[in-house]
Amino acid sequence: MKVRGPRCLREERGIAALEFVLVLPFLLMVLFGIIDVSMILCDKAVITNASREAARAGVVLRVTPLTSTQIQNIALNYTQSSLVTGGPATSASAVAQVGTQTSGSPLTVTVTYRYQGFVLGSIFSALTGPVTIRAITVMNYE
Numbered sequence: 001m002k003v004r005g006p007r008c009l010r011e012e013r014g015i016a017a018l019e020f021v022l023v024l025p026f027l028l029m030v031l032f033g034i035i036d037v038s039m040i041l042c043d044k045a046v047i048t049n050a051s052r053e054a055a056r057a058g059v060v061l062r063v064t065p066l067t068s069t070q071i072q073n074i075a076l077n078y079t080q081s082s083l084v085t086g087g088p089a090t091s092a093s094a095v096a097q098v099g100t101q102t103s104g105s106p107l108t109v110t111v112t113y114r115y116q117g118f119v120l121g122s123i124f125s126a127l128t129g130p131v132t133i134r135a136i137t138v139m140n141y142e
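With UniProt numbering, letter number 85 in the sequence shown gets 85, and the count goes up by one each step, no holes.
The hints are simulated quantities; they were obtained by calculation from the structure and are not laboratory data.
Take these hints with a grain of salt, some might be off.
Claimed, not checked - Pair ranges (Cβ atoms, derived): (1) V23 with L127: 16 to 26 Å; (2) V23 with N77: 43 to 53 Å; (3) P65 with L41: 26 to 36 Å.
Note that the Cβ used here is the ideal one computed from N, Cα and C, for glycine as well.
Generate coordinates for the entire structure from the input sequences, incorporating the hints supplied.
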């Protein structure tokens with residue numbers, strides 16, 4: 001059975017499917033890019049909270065103050081199960097000024113995490129290297 005109708009309509013059959021096939025990869029790249037960026041932002045929030053927790057634990061007045069290693073462990077333990085992409089932060093450091101642990105002197109905690117990529121980020125990480133996320137918190141000793 002032949003389809004009757006204007007000649008231009010019969011020749012345009014399948015154009016929508018072809019356009020969809022051409023546009024689909026770009027739409028998927030945008031979608032997966034949005035997912036990767038949102039995961040980076042979630043991980044950034046986690047390492048920011050980890051640095052705050054470690055800094056807060058370090059500046060609280062104690063009879064025996066926490067050492068730099070103990071403060072680092074607090075930050076790393078916080079990130080152990082909280083990061084969206086899994087794994088702990090790659091490094092944490094706690095730096096206090098000379099003449100440390102006197103009231104009003106600052107304690108700086110830095111947490112660093114390398115985001116390897118999840119969807120498209122893993123492809124781009126292979127080309128450009130991993131994205132390094134860093135959170136720095138400075139609090140004064142009590």
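Hints and how they fare:
1. V23 with L127: 16 to 26 Å: Given range 16 to 26 Å: holds, Cβ gap about 24 Å.
2. V23 with N77: 43 to 53 Å: Given about 46 Å between the Cβ atoms, the range holds.
3. P65 with L41: 26 to 36 Å: 34 Å, holds
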